[in-house]
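Please build the complex by placing chain B on the supplied structure of chain A, with the hints as guidance.
Taken in sequence, the protein lines are chains A and B.
Heads up: the first sequence is residues 1 to 296, going by the working numbering.
Heads up: the second sequence is residues 1 to 296, going by the working numbering.
Hints are not guaranteed to be accurate.
Identical chains share a label here; the pair holds if one copy fits it or two copies do between them.
Claimed, not checked - In silico DSBU-like links for lysine-lysine, alpha-carbon gap of 35 Å or less:
1) 139 - 74
2) 278 - 139
3) 115 - 278
4) 29 - 216
5) 170 - 3
6) 155 - 248
If you are wondering where the hints come from, they were derived from the structure by calculation, not from laboratory data.
There are 2 protein chains.
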Amino acid sequence: MEKELIESRFRELQLHICNELEKIDGIQKFDEDQWTRSEGGGGFTRTIVNGKIIEKGGVAFSAVHGDVSEAMRKQLALEGNSFFATGVSIVLHPKHPRHPIIHMNVRYFELDSGKYWFGGGIDLTPHYVDEDAAKLFHKGLKEKCDAFHPDFYNKFKPWADTYFSLPHRKETRGIGGIFFDHQDESCGISKNELFNFCVELGELFSVLYGQQIAFKSHDEATEREKKWQLTRRGRYVEFNLLHDRGTKFGIYSGGRTESILMSMPPMAEWTYNLQVEKDSEEQKTLDYLSDFHDWI
Amino acid sequence: MEKELIESRFRELQLHICNELEKIDGIQKFDEDQWTRSEGGGGFTRTIVNGKIIEKGGVAFSAVHGDVSEAMRKQLALEGNSFFATGVSIVLHPKHPRHPIIHMNVRYFELDSGKYWFGGGIDLTPHYVDEDAAKLFHKGLKEKCDAFHPDFYNKFKPWADTYFSLPHRKETRGIGGIFFDHQDESCGISKNELFNFCVELGELFSVLYGQQIAFKSHDEATEREKKWQLTRRGRYVEFNLLHDRGTKFGIYSGGRTESILMSMPPMAEWTYNLQVEKDSEEQKTLDYLSDFHDWI
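Chain A on its own, in the form it takes in the complex:
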């Protein structure tokens, strides 16, 4: 399992996902920016705006290498002198408030010491939680996990719950999904199989997103739904800038800001001490987000 193979397969994955998302969107295409990193490597950042379904989204691929910097050594506790990292990251902000925000990431990291690991995950952030849609999403993730290891879903689902949470709001980011980091062959499957798991997870992404979009048909959004969407997007900003380790590491270690912050929504709103109506759909969503759930 050479790193060049992982890199080229991840780049293919990015292009595959963009193709599938263009089909789901129906009208809009991705633009591509290529960038290089002065210390070694670079990437392709693909973005889509003002689609029929996707208002703002990004699918980023990067493959970077170089010396382990002091910031990396400190924040990632790395033991090695040089590193290689490649991955695909996605965040999509849909236009319709009844469609969910979705995030995916698969990544591979290796050190000159020979140590390597895979990480990744997919999670869903509905502006309005629909229990059946949440179940369908988790069912798809569990099936993929089960195909690789019987323990994966039970390990990676709670990991997502804990990771994608906003303690300062006493809220989860959304209905979770799966998240994993620092996985090598000690997780119970070979390096090759772990790689296949990441690639297949990436391929599953557009299938799961397509299911969510097709799950129900929705009327044109009301002003109330749009306002709630802007508020929930504000929470997404808070998570990404205050808590997301990938974002913080990227920003503090001098990564490419525009690629890191492609996760930001097109627009977000903050209202001081917003109160929602009792028994409203907004309150129902907040109730769902107040705790973790077994969706299966």
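What follows is chain B alone, placed relative to chain A:
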């Protein structure tokens, strides 16, 4: 100089500032929320929305006390068992893109060990930098500093430059101002005089803001100006959630989220890799923000 006196004078300061801001706004009044902290103390958060001048703003007062927690010990390097802290914090987001965002904070901290310090500052974040308005702002700050100590402005102005910067954007937040922290009598003036400096700085705040609002008359905002304002507000969000020590400490240590995040703009926008026109006013502002300036 008893802490009770500082606390009551800071609360008076909050009410004075709100009165002055209501006069500047002309139509809208502040609402007040009182809150208590289970570990000791509490505060009054005053907010204003949809004014003629101020679209969203907050003037917060708090006075809290309790045991020094592990988080505080770690993040603030505190040597003591119990603490007392009181302060006034302000962020105002104006409606018109040609009016600046403004921030002020004065605070007092003491430990049971007898150690105390004052901190604070005022800084200005114009959506469009106007050099003459920036000079007037710094002139006002320098005069107030000079009245207390000949070195204050020269010490506190560069401190604001360094503090209010977004390294990940290679931008300053705005045109700076003054910032200081951990000041006790070793700064060259007595505790009593330091306290007076903080109070007078607070009193100066509404004067400086009034000057900025009255500095020029502006036509109704264009769509282009409004869009630029939303983008600059996005940068303000980035600073506050990624870099602002007060925000991060408040959030991570379990402070009152709604009071801490009253600094968020009413609405903000993110555009992937936004490019501004050459020789435009937006580019001129970015040029000003690309480095620190001596405004006097």
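Verification of the hints:
no. : hint      : verdict
1   : 139 - 74  : neither (38 Å within a copy, 42 Å between copies)
2   : 278 - 139 : within (31 Å within a copy, 51 Å between copies)
3   : 115 - 278 : neither (53 Å within a copy, 48 Å between copies)
4   : 29 - 216  : within (24 Å within a copy, 44 Å between copies)
5   : 170 - 3   : between (40 Å within a copy, 33 Å between copies)
6   : 155 - 248 : both (24 Å within a copy, 30 Å between copies)
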